[in-house]
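**Q** Each chain, written out:
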Amino acid sequence: MNVAPEAVAQRDRIAPLFELRGISKQFPGVQALDDVSFEIARGEVHMLLGENGAGKSTLMKVLCGAYRADAGELFHNGERAEIATPADARRFGIAVIFQEFTLVPYLDIAQNIFLGREPCSRVPGFVDRKRLYADARRMLEKIGFDIDPHTPVHQLGVAQQQLVEIAKALSQDARILVMDEPTAALSDRETERLFAIIAQLKKNGVAIVYISHRLAEVFALGDRITVLRDGRKIASVRPAETSPDDLVRLMVGRAVDRTYAREYCKEPGDVLLEVKNLASDNGIADIGLTVRAGEIVGLCGLVGSGRTEVARAIFGADRVTAGEIRLMGESIAGSPEDSARRGMALIPENRKQQGLALGRSVGDNIVLASLHRMFPSGIFVPARAAKAAQAGIEQLRIATPSPHRPVSVLSGGNQQKVVIAKWLNAAARVFIFDEPTRGIDVGAKAEIFRLIDQLVQKGAGVLMISSEQTEIVHVCDRAYVMRAGRIVGALARDELTEANIVRLGMHQ
Amino acid sequence: MSTRGAIATGTFIARVPGVAVALVLLIAAFSLANPNFATLSNLQNILIQSTILLLLALPMTLIIMTEGLDLSMGAVLTLASIALAVTVIATGSTALGLAAALCVGLGFGLLNGALVAALDIPPFIATLGTLGIAQGLSLVATDGQSVVGIPRGLQQVYGGTFAGVPIPILIGIVAFAAVWLLLYRTRFGGYIFALGGNREALKLAGVGDRAVLIATYAVGGAMAGFAALLMTARMNSAHPTAGIGLEFDAIAAVAVGGTSFERGNGWLTGTLLGVLVVGVLRNGLNLMAVPSSAQVAGIGALVIAALLIDGLRSRP
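If you read the protein sequences in the order shown, they are chains G and V. The first sequence begins at 271 in our numbering and counts up one residue at a time. The second sequence begins at 2 in our numbering and counts up one residue at a time.
Keep in mind the hints are simulated off the structure, nothing from the lab. All figures in this text were calculated on a predicted structure; none of them were measured in a lab. Some hints here could point you the wrong way.
[As the list claims (entries may be wrong)] Between beta-carbon pairs, the in silico distance windows are:
no., chain 1, residue 1, chain 2, residue 2, range
1, G, A341, V, I305, 53 to 61 angstroms
2, G, A357, V, F163, 47 to 55 angstroms
3, G, M644, V, G246, 21 to 29 angstroms
[Said to hold, decoys possible] The calculated DSBU-like cross-link candidates involving lysine-lysine, where the alpha carbons are at most 35 angstroms apart (straight line), are:
no., chain 1, residue 1, chain 2, residue 2
4, V, K204, G, K400
5, G, K536, G, K473
6, G, K728, G, K546
7, G, K657, V, K204
8, G, K546, G, K536
9, V, K204, G, K728
10, G, K400, G, K412
11, G, K400, G, K472
12, G, K412, G, K472
13, V, K204, G, K412
14, G, K657, G, K546
15, G, K546, G, K473
Glycine residues also receive a C-beta, built at the ideal position from the N, C-alpha and C atoms.
The shape of chain V in the complex, shown without the other chains (with noise of 0.2 angstroms):
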């Protein structure tokens, strides 16, 4: 009896996914560390700062799952960011604003896909040259400059409640389950998982793999089309850097989370998990007073030692 149980317990242990450790150990290390860590109201706001890379993490994993990448995501979303801010001054309404975003999203996500699924340009090099133009095209728009004098109302998307509910977290819960039932539910998530996994049978059933991986990374695009609405909002103003290193942090938190660069095999529920260990992980250092610049090495050790760990995990 006794043997079986600890069978059990061993098999749970092993079986406990690492970024769920990880953000566990976190928590615990900052709460003991810093007296503010484990406060109602620091707890909240580490959500809410994670809702805009939650919004990039998303799409980023169905984009890894494809065996690709996005390297453009923070750029996008910077140039979207700026469309939005001279839109809404420009006419008054957020919803043009919106609009506007939303479009350039989508445009660069369209973009992207056709280079990489009809053009065959190595994801890596395609996704690093439209990074180059969404952050050089910002630059030209806005002269280096701030884009500033967004009216009030903005700030209550970023700001707001809604039934007693921080708007952003509201949002990041309505993106995650939208992804969720995408990737789960739908003809067009299974064929994400066959784009990795054996995009020859994808073929052979008949289904135009191009279309689905241009549709993949135009999901990408328009989801950081959207996530520039939060970072606007946030900072009530629009900077040409403001999406820089965001796509690290996505990637990141999605490697963190366990989805495997191979073979189309990913785990959205680990994607918000790893979200949840790079919002931990900045907040606390943060709180610990450590510069952004140091936390940057901070993530990328995490992820490193992420998947190490997994690695020695999964050997027989």
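Isolated chain G (complex conformation) (with noise of 0.2 angstroms):
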């Protein structure tokens, strides 16, 4: 393995155009970034990759200044460099491109590529309407992106914001550019005419600090490769010093056995959940799976591809157009309340807006989905909800110091937990889990991981949606790859490698 000693090799004279030493940063809770250094220097691509949570987006967040580190030291062309404010960043050039994009979707193009910088006419306050266009149009041909700029944003799709944040950036003579995993929501041809652009602006001399964790992407595009894990530099090196294999090792470290070892299910069950010939207004058609008891079946596809549709329209949360859903043996209507009253659990994806209510407390949350079967009378118990949050926090250990904690200032983890909890108290069978560790860091997800693992167990089915092909490899017992709405390919154990769902879940 090739862990360069850059602090020497890099000592070639020319100091770096910018440079991050030593940065330290803590959340509570979490050491996001511990002694990371980081160098970019000019017309390079310099890849950052790491799993969830290893810190990528701290640090970029670092050297844009959104956060500010509690130590370590920031080198401009060799000088030190104060960025307290994103308006510091924006002074050496630094241009960050975000996955959520800061458009405003009513303004047109023209008008968001030059947001705060229009350039003003004879009389104040008005703009000057003719520069503004000829200005945006220069900036758009110069990317190559052949649209009118008087075309509002909310009309575009998600590549075509994309170019015009890299216009934005471009316009406030971005030296250095980073973007956030650019390729996560494009397609194989807009993909490729990013990294035309990319190739055009290295060129041009624009350093590019590219988030990724895509292997493909990063032979393909990357000067330098530097990866992160547990908030550390595990290494940084030159594509042509590494192989693909290598990278993932330096990415999960051998922590990833210990994540996700569980014992897959030889002999399942009943079948728990059968769908046949599922179709939704939501875009998804024509989806047939089962579950059955004992198992854990993943569902994954790139981003786009269906899985949430398909979780909501089982769950009855979209409105189904044809198909029948049969829940242990039986047809059900297709509502929330019967899908839930019957024993099925949808843990959604983003748990903050969908899964808990965030204000109430941990016995609240927990008890939320059960009041029916808890209090038939339809008379609130305290004593009775007190004993079933407390049986929850102890299953699931829980780290909360009373169920009267709100959930809000509990962790991700622990929030994810309260969630589970909530559809155990109410007697859930079968769980669909959307992403259950995002935003999870990795610690805790071994943990969710066993939790999910000890659900099944106990016979109940799992149907598990995930973006991290990892997590499908390791944890399910066979899974279902999407594409377009459909599902074009089922995996049994002995097929389920990260390869194969590449090769189903890419576009043709």
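Mind docking these for me? Both chains are given alone in their own frames, and the hints should help you get the complex.
**A** What follows is the structure, given as structure tokens:
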């Protein structure tokens, strides 16, 4: 393994365009960054690699002034640089394109590119529209984006919005462009186009920091690769010095086995959930799948392939237009109330918005889905609720000093446990998890998987959606792969590899 | 060929905003129901009567685009009207009276803006509070009585004409043009879109988002103060209850006009049409001798119907 001792290697007199040295950053309960150093050279594409929670985004937020580091120093052309606010970062020519775009939907492209920097006309306060659109056109031409700058941004697709973001960054004379998983929502053709633009920016001397966890991209684009894991820099290498396997090993470390370890289901029980020819007006069609007792079944595919939509349709949250859903042998009507009462639980991706009453206490949340069952008379009995809450907290080992604590103050992992406790208390037998580990640190991840494993060992069936193929491959007993709103393949345990998932899930 | 034509017609119909359809339907219905409706003098009357509402609904559009609300406009207009009447009676100067009204309006606008932008009080609560303050002050200042004895000249502002066009209509045209330019042609206007659409983008662009928000509410207050001039001239007096409920009509007009309460999606021409819809509805119901209290119910129903129809149409 070539872990370049770059402190020595890079001392070839030319100071890098920008350098972060010894950056540490702590959040309550998490050491997000621990003594990380990072260099950016003119005209290079520096890939920043790591699993969710490895500290990539935190590092970039330090660079762009959104966070202040607890320790460490920044250097611009070899000179000490102070970045306390986004405005400071902009002065150094640093621009970031986050996954959440900073565009205004009902302004047009030109207005968005120059928001806050509009050319002024002679009348004070008025915009010189002729120059605004001419300048915008020039910026768009620079990146080969052929579109009328008068087009309102809300009419654009994700890929086009991203191009507007790039034009916006360039219009600020960005010399360091940070892109956070820019291809996450792009099609292959759009990705190719983005790569062409990146190549051109490089030629013009723009340095690009490119956050990704797609290995193919890393090798296609990168001049240098830095791998972070659990807040530490693990390696900084040239693509020629490494291989995809090496990188994966660096990214996940040895912890991988322990994170996902479980005994796969040998003899699945009864069919708990059976879906036939399901279609919904949310864009999915012809969906067929089964989940048996004791099984964790994966549902994977690219972002936008319709995984969440399948979950919502099965649970009755979106309108079903065709097909049949049988829960424990009985056909169900397709409303969330009905599904929940019959023992199905949907644990949504966005638990803050959809899975929890954030302002309420841990205890309240745990009994929330079982009020009907626990209090058939309609009268709330606090003692009974407290007992159920306590049972849930103990069973799932939720780290809270009391059931009366508001859920909002718990960590992501513990919030996720509260959601699970809620459905356990409601006597659910079929659990649909949508991205159960999103935004959860590595330690808590292992615990979430252990919980899911406990559920199936007790006879539940689990359908698990995940964008992280490693999770699917290691955790699931088998998996369905989706593409463009349809299931395009089913993989049994012995066929379940990342390569097979990618092969099935990619656009043809 | 014929299919293409049909598709084109289909998209055209789908594109005509609901508020325009509503306006045409209402005018047609009232014209059939009452022979006195579709006369030149009555239509002109509707335009004149709608001016005050327009002066409130225009800035209300801007405020709603920031995902805000101003419930205090009617009460602020009332208080400004009283300040105007008292000043004109004391000094005999309409200009000083207007200055007093504008001061009251601007003051409350700044106060609203400060409460919302600087103290982060939800707009609904903040402006509900200032509504109470303005309404209370009006009653205290007048002891619940009307302020009368305004010199005759002031009435000319509402009843007079300039180059043959009634002055209120001219004021309405100028106000619409001014707010249109403000929203679509100035930097400030762009920032209003950004406040509701993506406030983070505005902050990252280094624009003082709070200042923009305060200024938006200040515009609303100032225009309510200016509208007090028309209101006072129209009644030739100031009543401590004159403006009650005007904010309701203004919000209704904005909503009917298709401005969304989310994402900074506003449309000023829609507001103009929305104001006319409310004006036509009130006038038509008046002609049919429907009491004013029942008209409020009619406007409420119209708002809900308009939003329902827009919701159905925007579905894929």
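**Q** Could you run down the list of hints and mark each one as holding or not?
**A** Taking the hints in turn, this is what the structure says about them:
1. For A341/G and I305/V, the Cβ-Cβ distance of about 58 angstroms falls inside the hinted range of 53 to 61 angstroms, so the restraint holds.
2. Between A357/G and F163/V the C-beta distance comes to about 49 angstroms, which sits within the given range of 47 to 55 angstroms.
3. Evaluation of the 21 to 29 angstroms hint for M644/G and G246/V yields a failure: the beta carbon distance comes to about 47 angstroms.
4. Annotation: proposed proximity of K204/V to K400/G holds, straight-line Cα distance about 25 angstroms (limit 35 angstroms).
5. Distance check on the hinted pair: K536/G and K473/G sit about 56 angstroms apart at the alpha-carbon level, beyond 35 angstroms; violated.
6. The hinted pair formed by K728/G and K546/G meets the criterion: a straight-line CA distance of about 26 angstroms does not exceed 35 angstroms.
7. For the hint linking K657/G to K204/V, the alpha-carbon distance of about 47 angstroms lies beyond 35 angstroms, and the restraint is violated.
8. Among the hinted pairs, K546/G with K536/G is consistent with the structure: their alpha-carbon atoms are about 24 angstroms apart, no more than 35 angstroms.
9. For the hint linking K204/V to K728/G, the alpha-carbon distance of about 51 angstroms lies beyond 35 angstroms, and the restraint is violated.
10. The hinted pair formed by K400/G and K412/G meets the criterion: a straight-line CA distance of about 19 angstroms does not exceed 35 angstroms.
11. Our distance criterion of 35 angstroms between C-alpha atoms is met by K400/G and K472/G, whose separation comes to about 30 angstroms.
12. Taken as a hint, the K412/G and K472/G pair is honoured in the structure, with Cα atoms around 13 angstroms apart against an allowance of 35 angstroms.
13. Restraint check for K204/V and K412/G: satisfied, since their Cα atoms lie roughly 26 angstroms apart, inside the 35 angstroms limit.
14. With a CA separation close to 40 angstroms, the supplied pair K657/G and K546/G exceeds the 35 angstroms bound.
15. For the given pair, K546/G sits about 53 angstroms from K473/G by alpha-carbon distance, which is inconsistent with the 35 angstroms threshold.
Comparing the model with each earlier hint shows violations of hints 3, 5, 7, 9, 14 and 15; every other hint is respected.
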